[in-house]
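Engineer: Build out the structure end to end from the sequences listed, making use of the hints.
Heads up: the sequence lines are chains A and B, in that order. Residues 9 to 120 in my numbering are what the first sequence spells out, letter by letter. Residues -7 to 104 in my numbering are what the second sequence spells out, letter by letter.
Any given hint might turn out to be false.
Computed list of lysine to any residue pairs in SDA-like fashion (alpha-carbon distance at most 20 Å, straight line) [stated by the list, open to error]:
hint: 1; chain 1: A; residue 1: 52; chain 2: B; residue 2: 32
hint: 2; chain 1: B; residue 1: 35; chain 2: A; residue 2: 58
hint: 3; chain 1: B; residue 1: 57; chain 2: A; residue 2: 108
hint: 4; chain 1: B; residue 1: 49; chain 2: A; residue 2: 105
hint: 5; chain 1: B; residue 1: 57; chain 2: A; residue 2: 9
hint: 6; chain 1: A; residue 1: 63; chain 2: A; residue 2: 30
hint: 7; chain 1: A; residue 1: 87; chain 2: A; residue 2: 19
hint: 8; chain 1: A; residue 1: 52; chain 2: B; residue 2: 99
hint: 9; chain 1: A; residue 1: 63; chain 2: B; residue 2: 25
hint: 10; chain 1: B; residue 1: 68; chain 2: B; residue 2: 90
hint: 11; chain 1: B; residue 1: 35; chain 2: A; residue 2: 114
hint: 12; chain 1: B; residue 1: 49; chain 2: A; residue 2: 52
hint: 13; chain 1: A; residue 1: 87; chain 2: A; residue 2: 24
hint: 14; chain 1: A; residue 1: 116; chain 2: B; residue 2: 32
hint: 15; chain 1: B; residue 1: 35; chain 2: A; residue 2: 19
hint: 16; chain 1: A; residue 1: 116; chain 2: B; residue 2: 35
hint: 17; chain 1: A; residue 1: 52; chain 2: B; residue 2: 35
hint: 18; chain 1: A; residue 1: 63; chain 2: B; residue 2: 93
Don't read these hints as lab results, they were simulated from the structure. On a predicted model such as this, the values are computed, not experimentally measured, just so you know.
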Amino acid sequence: DVVLTQTPVAQPVTLGDQASISCRSSQSLVHSNGNTYLEWYLQKPGQSPQLLIYKVSNRFSGVPDRFIGSGSGSDFTLKISRVEPEDLGVYYCFQATHDPFTFGSGTKLEIK
Amino acid sequence: EVQLVESGGSLVQPGGSLKLSCVASGFTFSNYWMDWVRQTPGKSLEWIGEINTDGSKTNYAPSIKDRFTISRDNAKSTLYLQMSNVKSDDTAIYYCTRGAYWGQGTLVTVSS
Chain A
9 DVVLTQTPVA QPVTLGDQAS ISCRSSQSLV HSNGNTYLEW YLQKPGQSPQ LLIYKVSNRF
69 SGVPDRFIGS GSGSDFTLKI SRVEPEDLGV YYCFQATHDP FTFGSGTKLE IK
Chain B
-7 EVQLVESGGS LVQPGGSLKL SCVASGFTFS NYWMDWVRQT PGKSLEWIGE INTDGSKTNY
53 APSIKDRFTI SRDNAKSTLY LQMSNVKSDD TAIYYCTRGA YWGQGTLVTV SS
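Structural biologist: Pasting the structure below:
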């Protein structure tokens, strides 16, 4: 199975600053069709996860442009610029290239 | 508006069975692959499996293969998860998902 390693486990941040989360895969996430199915989700306390980014760098409908996904192959990053209170929660990366699909273990974005 | 509403979660004894349902609305259910994802208490997310549009193809995570079965009834816009021979490790909130869209989840507790 593909293992997604997220770092850091917790990211203390000052509101208004930038945060960066890494997701490294145990193998390339480039599908045979040329697409890379790497997604980012945010789970706020008491809520279901919500999709932020799909196929590495595409923002889902309604997601602010403060959220930027990047990377390729097996190394991916989510950057959140100008962190706001509603950005706090646990961020997960997810791969849907290789069966079985897998999630990273999560990164908690918290106030410093 | 896309809505996914899970039900059927409860307390079940080890070795028992349970069937979860997910009623979909706001989109043409029969046009989409659907997934189940679970979240264990205090832990990360785990993809359980998926089913294609007409129910003829399913893929499962190794941890639940041969114990869980995903099915659907397109006439009722309903997704199912049949759980058999459950173990304490199956205690989790179970979500049905259509890509970016998630239900609120239903809690399954396995305990004697």
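Engineer: Honestly, which of those hints from before does the structure not fit?
Structural biologist: 12
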